[in-house]
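Peer 1: Turn these sequences into a full structure, and let the hints steer you where they fit.
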Amino acid sequence: MAGRIEARLKELGIALPAGSTPIANYVSYVTMDNTVFVSGQIPRWPDGKPAYLGKLGGAISVEDGKKAARLCGISLIGHAKAACGGNLDRVKRVVKLGGFVSSTADFVDHPSVVNGASDLMVEVFGEAGRHARFAVGVADLPANVCVEVDGIFEIA
Amino acid sequence: MAGRIEARLKKLGIVLPNPPNPAGNYVPAVRAGHILFVSAQGPIVDGKPAYQGKIGRDISVEDGNAAGRIAGLNTLARVKQALDGDLDRVKGVFKVVGFMNILPGFTQMPRVLDGASDLFVQVFGDRAKHARAAIGIAALPQNLAIAVDATFAVE
Numbered sequence: 000m001a002g003r004i005e006a007r008l009k010e011l012g013i014a015l016p017a018g019s020t021p022i023a024n025y026v027s028y029v030t031m032d033n034t035v036f037v038s039g040q041i042p043r044w045p046d047g048k049p050a051y052l053g054k055l056g057g058a059i060s061v062e063d064g065k066k067a068a069r070l071c072g073i074s075l076i077g078h079a080k081a082a083c084g085g086n087l088d089r090v091k092r093v094v095k096l097g098g099f100v101s102s103t104a105d106f107v108d109h110p111s112v113v114n115g116a117s118d119l120m121v122e123v124f125g126e127a128g129r130h131a132r133f134a135v136g137v138a139d140l141p142a143n144v145c146v147e148v149d150g151i152f153e154i155a
Numbered sequence: 000m001a002g003r004i005e006a007r008l009k010k011l012g013i014v015l016p017n018p019p020n021p022a023g024n025y026v027p028a029v030r031a032g033h034i035l036f037v038s039a040q041g042p043i044v045d046g047k048p049a050y051q052g053k054i055g056r057d058i059s060v061e062d063g064n065a066a067g068r069i070a071g072l073n074t075l076a077r078v079k080q081a082l083d084g085d086l087d088r089v090k091g092v093f094k095v096v097g098f099m100n101i102l103p104g105f106t107q108m109p110r111v112l113d114g115a116s117d118l119f120v121q122v123f124g125d126r127a128k129h130a131r132a133a134i135g136i137a138a139l140p141q142n143l144a145i146a147v148d149a150t151f152a153v154e
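In the order they appear, the protein sequences are chains A and B. Taking numbering that gives the first Met the number 0, I'd label the letters of the first sequence as residues 0 to 155. Taking numbering that gives the first Met the number 0, I'd label the letters of the second sequence as residues 0 to 154.
Since the hints were made in silico from the structure, they are not lab data. Check before you lean on any hint, since a few could be wrong.
Claimed, not checked - 30 Å max Cα-Cα, derived DSSO-like pairs, lysine-lysine:
#: 1; chain 1: B; residue 1: 128; chain 2: B; residue 2: 9
#: 2; chain 1: B; residue 1: 47; chain 2: A; residue 2: 91
#: 3; chain 1: A; residue 1: 66; chain 2: B; residue 2: 47
#: 4; chain 1: B; residue 1: 79; chain 2: B; residue 2: 128
#: 5; chain 1: B; residue 1: 90; chain 2: B; residue 2: 128
#: 6; chain 1: A; residue 1: 91; chain 2: A; residue 2: 66
#: 7; chain 1: A; residue 1: 80; chain 2: B; residue 2: 94
#: 8; chain 1: A; residue 1: 91; chain 2: B; residue 2: 90
#: 9; chain 1: B; residue 1: 90; chain 2: B; residue 2: 79
#: 10; chain 1: B; residue 1: 90; chain 2: B; residue 2: 9
#: 11; chain 1: A; residue 1: 48; chain 2: A; residue 2: 80
#: 12; chain 1: B; residue 1: 47; chain 2: B; residue 2: 9
#: 13; chain 1: A; residue 1: 91; chain 2: B; residue 2: 79
What the hints assert, rightly or not - So the derived list for chain B, only partly shown, Cβ under 7 Å to chain A, looks like this:
#: 14; residue: 23
#: 15; residue: 24
#: 16; residue: 26
#: 17; residue: 31
#: 18; residue: 39
#: 19; residue: 44
#: 20; residue: 105
#: 21; residue: 132
#: 22; residue: 136
#: 23; residue: 153
Glycine residues also receive a C-beta, built at the ideal position from the N, C-alpha and C atoms.
Peer 2: Written out as structure tokens, the structure reads:
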């Protein structure tokens, strides 16, 4: 199954996580026809521990928020891979990302934070990685992480 | 391309705006099968934020509703663009999610988001009646009052 996208991930030095287990009564992804809906992913270190705790506009800088969003994106790709039976070459398009940024009430640079995930999708999938999106600021997130990203993929 | 919906817009006195450019590394809309996912749109007019601040403190519910309508107009402009200018290809509106910039304690999100929901039904009629979520959030890009995220059924 080592295809084009796997080679690209290797080139970028990205190792996909084994896939986190949902922390409540839901599943990591649902496939409907050729569309895969992936549950919101939080940033995790390679050992699975939540990463980048705190708020944008508070303890977390935009640069760190962006790194955190990239980690969310890596988890999203990990689940997309599972949805594709291990073959990421089946991803036809990254359709949409939803970015929830833990924010103080006066933080306004959510787009730069969520770009951490968006840039990753374009790096990995090229033109097919260009997606629709929202980026909003929320009051709190699970485990006090600074960002959560969910995703929709179209697969062949 | 001047079809049925264009005639309806004209009758309503609605001129679709030039929608703002994406604020980050994303595109305005992506189609997957018969579903068109439109990126969240804000109350931006001629490239500038028209309503900024917290609804309920800096912005009245009525103005929030007006902001929601502008976000809806920007959404329709993106839909038109994605459908090569032919809004008659819209079969319905699946879902609208409204993110409203508020402080804790504000609860009038539904009245605010009706600005966008009413617009869609005015333009497309009953087939635009949609599922919806109206939520208050801590902050938005550019301190916008509202962001509207909508998904359409298209031919």
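Peer 1: All hints, please: hold or fail.
Peer 2: A quick look at each hint next to the structure:
no.	hint	verdict
1	128(B) with 9(B)	holds (21 Å)
2	47(B) with 91(A)	violated (34 Å)
3	66(A) with 47(B)	holds (29 Å)
4	79(B) with 128(B)	holds (18 Å)
5	90(B) with 128(B)	holds (11 Å)
6	91(A) with 66(A)	holds (25 Å)
7	80(A) with 94(B)	holds (27 Å)
8	91(A) with 90(B)	holds (24 Å)
9	90(B) with 79(B)	holds (13 Å)
10	90(B) with 9(B)	holds (19 Å)
11	48(A) with 80(A)	holds (21 Å)
12	47(B) with 9(B)	holds (25 Å)
13	91(A) with 79(B)	holds (23 Å)
14	23	holds (4 Å)
15	24	holds (4 Å)
16	26	holds (5 Å)
17	31	holds (4 Å)
18	39	holds (3 Å)
19	44	violated (18 Å)
20	105	violated (12 Å)
21	132	violated (12 Å)
22	136	holds (5 Å)
23	153	violated (13 Å)
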